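Novice: Line order of the protein sequences matches chains A and B. Under the numbering used here, the first residue of the first sequence carries the number 1, and numbering increases by one thereafter. Under the numbering used here, the first residue of the second sequence carries the number 267, and numbering increases by one thereafter.
Hint data in this document are derived by calculation from the structure and do not stem from the laboratory. Quantities reported herein were computed from a predicted structural model and do not represent experimental measurements. Take the hints with a grain of salt, since some may be wrong.
[As the list claims (entries may be wrong)] Among the chain B residues that face chain A by a calculated CB cut under 10 Å, a handful are: (1) N274; (2) V279; (3) H304; (4) L310; (5) I313; (6) S356; (7) Q395.
Positions of the beta carbon are idealized from the N, C-alpha and C atoms, including for glycine.
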Amino acid sequence: MSYDKRLDGRKSFEDLRPIEAKTGVVKRADGSAMFRIGRTMAYATVYGPRDLYPKFLQNPSTGILRCNYNMMPYSGRGERVKPGGNRRAKEISMVMEKALLPVVDLSQFPNSVVDVFVELPQTDAGSRCAGICAASIALADAGIPMKDLVSAVSVGRVDDKIVADLDYQEEAYENGPVADIPVAVIPNSGKISLLQMDGEISKEDLRKCLELAKKVCLQIYEVQKQTLKEKYTGFESGADENEKFSEPEVPEQSGSEEMKGDYNAQ
Amino acid sequence: MGEITVENKKIAVPGEILAKGMDYLPGSGTYREGENIHAGKMGLVNIEGRAIKLISLSGKYLPKRGDTIIGRVEDVAFSGWRVSMNCAYSAMLSIVEATSEFIPKGADLTKYLDVGDYIMAKITNVTSQILVDLTMKGPGLRKLGAGRILEVNTNKVPRIIGKQGSMVSMIKQATDCRILVGQNGLIWIQGEPSGELIAVDAIRKIEKESHISGLTDRIKEYLEGKTGKKIEISASTENREFQEEEDNRYQDSERSFSGGERREFPGRRRFSGNRRFQGERR
Chain A
1 MSYDKRLDGR
11 KSFEDLRPIE
21 AKTGVVKRAD
31 GSAMFRIGRT
41 MAYATVYGPR
51 DLYPKFLQNP
61 STGILRCNYN
71 MMPYSGRGER
81 VKPGGNRRAK
91 EISMVMEKAL
101 LPVVDLSQFP
111 NSVVDVFVEL
121 PQTDAGSRCA
131 GICAASIALA
141 DAGIPMKDLV
151 SAVSVGRVDD
161 KIVADLDYQE
171 EAYENGPVAD
181 IPVAVIPNSG
191 KISLLQMDGE
201 ISKEDLRKCL
211 ELAKKVCLQI
221 YEVQKQTLKE
231 KYTGFESGAD
241 ENEKFSEPEV
251 PEQSGSEEMK
261 GDYNAQ
Chain B
267 MGEITVENKK
277 IAVPGEILAK
287 GMDYLPGSGT
297 YREGENIHAG
307 KMGLVNIEGR
317 AIKLISLSGK
327 YLPKRGDTII
337 GRVEDVAFSG
347 WRVSMNCAYS
357 AMLSIVEATS
367 EFIPKGADLT
377 KYLDVGDYIM
387 AKITNVTSQI
397 LVDLTMKGPG
407 LRKLGAGRIL
417 EVNTNKVPRI
427 IGKQGSMVSM
437 IKQATDCRIL
447 VGQNGLIWIQ
457 GEPSGELIAV
467 DAIRKIEKES
477 HISGLTDRIK
487 EYLEGKTGKK
497 IEISASTENR
507 EFQEEEDNRY
517 QDSERSFSGG
527 ERREFPGRRR
537 FSGNRRFQGE
547 RR
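Using the sequences provided together with the hints, build the complete structure.
Specialist: Now the structure itself:
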């Protein structure tokens, strides 16, 4: 039996789940973004460059980037996710940081830090990729010098098919072998800044997967670009920008409180 | 041959190709890779002849020599004060630079400036590691008294001051407030509470709407509606000099991607310190 139809009803094996992105979602942060792909949703907030303590972490030749990945307690499927850090979150924070670092240039800000907090209110596989996409929009929104954006997606194989953007059902497919490969691509150069894999795959298939990842990442890149531009298009035309940027009544408090908690935890 | 691939005054996102070919020159906020010029951050595209640069819309303040800033005394040391400036770096204000008064050795420095006081000061030096020195010697540089402090995006400061200082003087005229604007995005406002509130709202409005054309008219309308006063927009000739500086500052307020260069102010400016800030007339 082969995998001949996507479980969530997507038409093609190369189709992504529906994407939605928004920037400037957390008012008190220096930069922020929401990125949703299917049922996976990531909020990224950026603070800084700001002063860095303890002092031994400071780097006199450049500013540093610090990422924090956090799944919210109710974000998983079924079981409650234990809040706070764990080994998985720590690893993902580290790989996100390494995925973003090649495009971020903090040499103007010695001894300082740029903090990126990625919060996931809802996940359905591909959360680190969604996190990277959101974080790169938020960094750009914060005015951090960057050579490029970073787009990320997971590709892989389900049984005999090469697929893009696996959701949880596909990742947990039981009637054949599965490989899940999160990839982050720097769109302009086509370079890869994140490559991990869970499962097994042949050399040829891996090549195909990476080609596919580069292709679909361009679709994500377009969304990221549009999102950033949209933040200011209301301004240019002069059309109801007030409505668009009116102070969010409830989210402001809750959003900032939550991030404050994170900051203190550092 | 070379061609520009973006429109002037439009938003560019990091990595976006701004121009192709060697006919154009990368300005601040952009970089060249191969033959193409790319955006090095998010900003507004500004094409001037052959040079392409980006004007920032967001980002924290980066201290720069010659800037007049509003800071908060955060610590009192042996030989001076440490001042925070609403950015990643703090500055040092030494006794000598703080006052022309004689301060005996071992005197209690909190008599002059205490923790929590706000000051208007000028940046005299910035090192490669961004150690910042301040001075309070100069016209208009002083300890700030009662009033309210407002935090705004530093990239909008030129807009709040306005072309030829028009914006801030308009708000002052309408609200009868004393207003000082620091390059680091802190604003000090003092006046009647009702006037202060209107000034705060007006500044917030400028910050939010600085991208839409006809900003001055809209703010004028807003202020007139709030105060019921008729406002005449007139940049008096006595302001002219510093106004021009303001305009130039806006043009120059961007730094290059590498961030290495720090521009010296041409001589004329070095002596005109506070005038840029529409400090109260003395």
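Novice: Against each hint, give a clear statement of whether it holds in the structure.
Specialist: For each hint, the structure was consulted:
Hint on N274(B) is violated. Least Cβ distance to chain A is approximately 12 Å, over the 10 Å limit. A least Cβ separation of about 5 Å between V279(B) and chain A falls short of the 10 Å threshold, and the interface hint therefore holds. Interface hint status for H304(B): upheld, as the beta-carbon distance to the closest one in chain A is roughly 7 Å, under 10 Å. At a threshold of 10 Å, the smallest CB-CB gap from L310(B) to chain A is about 8 Å, leaving the interface hint in force.
Proximity of I313(B) to chain A is violated relative to the hint, the smallest CB-CB distance being about 16 Å (cut-off 10 Å). For S356(B), the interface hint holds, the least distance from its beta-carbon to any beta-carbon of chain A being 7 Å, beneath 10 Å. Because the beta carbon of Q395(B) sits about 5 Å from the nearest beta carbon in chain A, less than 10 Å, this interface hint is met.
The earlier numbered hints that this structure contradicts are 1, 5.
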